[in-house]
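Peer 1: The opening residue of the sequence shown carries number 41 in this note's numbering; numbering runs sequentially from there.
Each hint can be trusted.
Here are the in silico distance ranges between beta carbons for each label pair:
hint	residue 1	residue 2	range
1	94	117	21 to 29 Å
2	64	147	38 to 46 Å
3	119	65	37 to 45 Å
4	121	146	19 to 27 Å
5	99	120	23 to 31 Å
6	143	90	17 to 25 Å
7	141	100	15 to 23 Å
8	140	65	38 to 46 Å
9	128	67	30 to 38 Å
10	128	60	39 to 47 Å
11	67	143	31 to 39 Å
12	122	94	23 to 31 Å
13	150	127	31 to 39 Å
Computed cross-link-like contacts, DMTMM-like style, restricted to lysine to aspartate or glutamate with a CA-CA straight-line distance of at most 25 Å:
hint	residue 1	residue 2
14	118	137
15	110	144
16	148	95
17	110	137
18	148	137
19	118	144
The set of hints was computed from the structure by calculation and includes no laboratory data.
Glycine is no exception: its CB is placed at the ideal position from the N, C-alpha and C atoms.
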Amino acid sequence: AAAAALDLAFEVDPTYSNTQASLEVLGAGSVQALVDGGYTDNTGIAWAVSSGATEVLSIMNNNARGQGGKLFDLFAGKPPWYGKPPLAMLNSQIFAESAASISEAYSKFPRL
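Starting from the given sequences, assemble the full structure and let the hints guide the process.
Peer 2: Printed below as a string of structure tokens:
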């Protein structure tokens, strides 16, 4: 379902316009936009999973070092928070896999 929604969202058609019918098609595909989790999860993944999602598509920018940004904070082995109060950010550790193992796998992904 997520792949079909992504195909629909990125379909290139110069005659396409945002009509009520096109919005209903997107809505029927269970498309939900998540932009930012604020001080708890900047990826939106933890919010989606906690809402019951079992399949999540998240498009993120890498951090300045070319790594997965806040993605790794969702895995075990990261501190529960970082930064200095009152602007400390919480890490939402929702996956049992270690952040180190996910970082290693991530580093092997092809780059665009």
